[in-house]
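Colleague: Let the sequences and hints guide you as you build the complete structure.
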Amino acid sequence: MAHGTHFETRSQAQYEYDRAQNAKKMRKQVTQFAIMILLTFVAFAAVIADFAPNFIKPVILLLAGVQVVQQLYAFMHLDEKDAPHNGVIQFFIWGGGFIAFTFFVAFLTIIWW
Amino acid sequence: MDINQKFTPQSWPQHSETATMEGKNKFVGIWIFLASDTVLFASVFATYLALKDQGPAGMEFTAKGLFELPLAFMMTMLLLTSSLTSVYAMYHMKNHNAKGVITWMAMTVILGLGFLGLEIYEFVHYVHLGFGYTQSAFSSAFFTLVGTHGLHVVIGLIWITGLLIRNAKRGLNLYNAPKFFAASLYWHFIDVVWVFIFTVVYLMGVLG
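Chains as they are written, first to last, in our numbering: chain V, 130 to 242; chain L, 767 to 974.
Hints should not be assumed to be uniformly reliable.
Stated by the list, open to error - Calculated cross-link-like contacts (lysine to any residue; reagent style SDA-like; alpha-carbon spacing at most 25 Å):
1. V:Lys153 <-> V:Ile228
2. L:Lys792 <-> V:Ala175
3. L:Lys830 <-> L:Ser906
4. L:Lys830 <-> V:Lys153
5. L:Lys945 <-> V:Tyr144
6. L:Lys772 <-> L:Lys865
7. L:Lys818 <-> V:Lys153
8. V:Lys186 <-> L:Thr813
9. L:Lys818 <-> V:Ile228
10. L:Lys818 <-> V:Glu209
11. L:Lys818 <-> L:Lys945
12. V:Lys210 <-> L:Ile796
13. L:Lys818 <-> V:Lys210
14. V:Lys210 <-> L:Thr914
15. L:Lys935 <-> L:Leu917
16. L:Lys830 <-> L:Thr914
17. L:Lys818 <-> L:Leu835
18. V:Lys157 <-> V:Gln143
FYI, nobody ran anything at the bench for these hints, they're computed from the structure. What you are looking at is a predicted structure, and each value in this text was computed from that prediction instead of being measured.
Modeller: Below, the structure is given as structure tokens:
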């Protein structure tokens, strides 16, 4: 830990403002959670309802994609652009996502039985 | 500055997890680890998709006939809720409420244990049916994919339980705040992977 690290105690007004902001953010996260639960229900219901598989598959994959972005931005705080090294983090996680995509393309086209 | 310096809610920094150099390093480090873990899971996912319903032996087992949605749904709900409880823990950390952090992290562990119990039940059930790891290319790919995720859950549970035991009476300071934050990011990532597992393995498996 750096010796120069020093923290100003917040003023009462700033403290109350921060607490209110934190509560506001938490309420937003609960809303996001409710949407995730809803998307999960829709995905399971779509499969149980027995629509044409060629129609359901892209839809549930899309729902999964939406849920993942919600997790990353709402729950894992990628939306905080002022967080340290946000650019490095975004680079690595989306870079990992891109490499993941090449794996799917490669394995699904090269491996056959 | 002393690493065990006591804080009041008012003197506690808003971003306690990245307030110190060590915290910043942990923050970037866990994200780079998660990026590499994305690649690990991509390889087992791709393997599963390539080998689904394939194998020289054990062709009587297909994803369509094997997987049961009610169990997968229960597991999804448990893991999704445990993701929310760790968000609650991080909310209490921002307000310097050590008891809140401990309580909600403990809830996360309990929900995670519930998930793990169902997964073990599922695996034992499959093995009893004759669908073991070496049954076919399909079974190996399935157990490797879902088992790797299960292993991540086990590691996460040991990690968070260790944090809870070690910091039960310490309160929150700039030494343990980044540790809790990294553990919560890891736990969210486990949920991210599960979203794809329940979609690609269970839902698309039942579709055939």
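Colleague: If a hint holds in the structure, say so; if it does not, say that too.
Modeller: Tested hints:
no., hint, in the structure
1, V:Lys153 <-> V:Ile228, "violated (36 Å)"
2, L:Lys792 <-> V:Ala175, "violated (41 Å)"
3, L:Lys830 <-> L:Ser906, "holds (17 Å)"
4, L:Lys830 <-> V:Lys153, "violated (44 Å)"
5, L:Lys945 <-> V:Tyr144, "holds (24 Å)"
6, L:Lys772 <-> L:Lys865, "holds (15 Å)"
7, L:Lys818 <-> V:Lys153, "violated (45 Å)"
8, V:Lys186 <-> L:Thr813, "holds (19 Å)"
9, L:Lys818 <-> V:Ile228, "holds (22 Å)"
10, L:Lys818 <-> V:Glu209, "violated (39 Å)"
11, L:Lys818 <-> L:Lys945, "violated (38 Å)"
12, V:Lys210 <-> L:Ile796, "holds (17 Å)"
13, L:Lys818 <-> V:Lys210, "violated (40 Å)"
14, V:Lys210 <-> L:Thr914, "violated (32 Å)"
15, L:Lys935 <-> L:Leu917, "violated (29 Å)"
16, L:Lys830 <-> L:Thr914, "holds (22 Å)"
17, L:Lys818 <-> L:Leu835, "holds (18 Å)"
18, V:Lys157 <-> V:Gln143, "holds (21 Å)"
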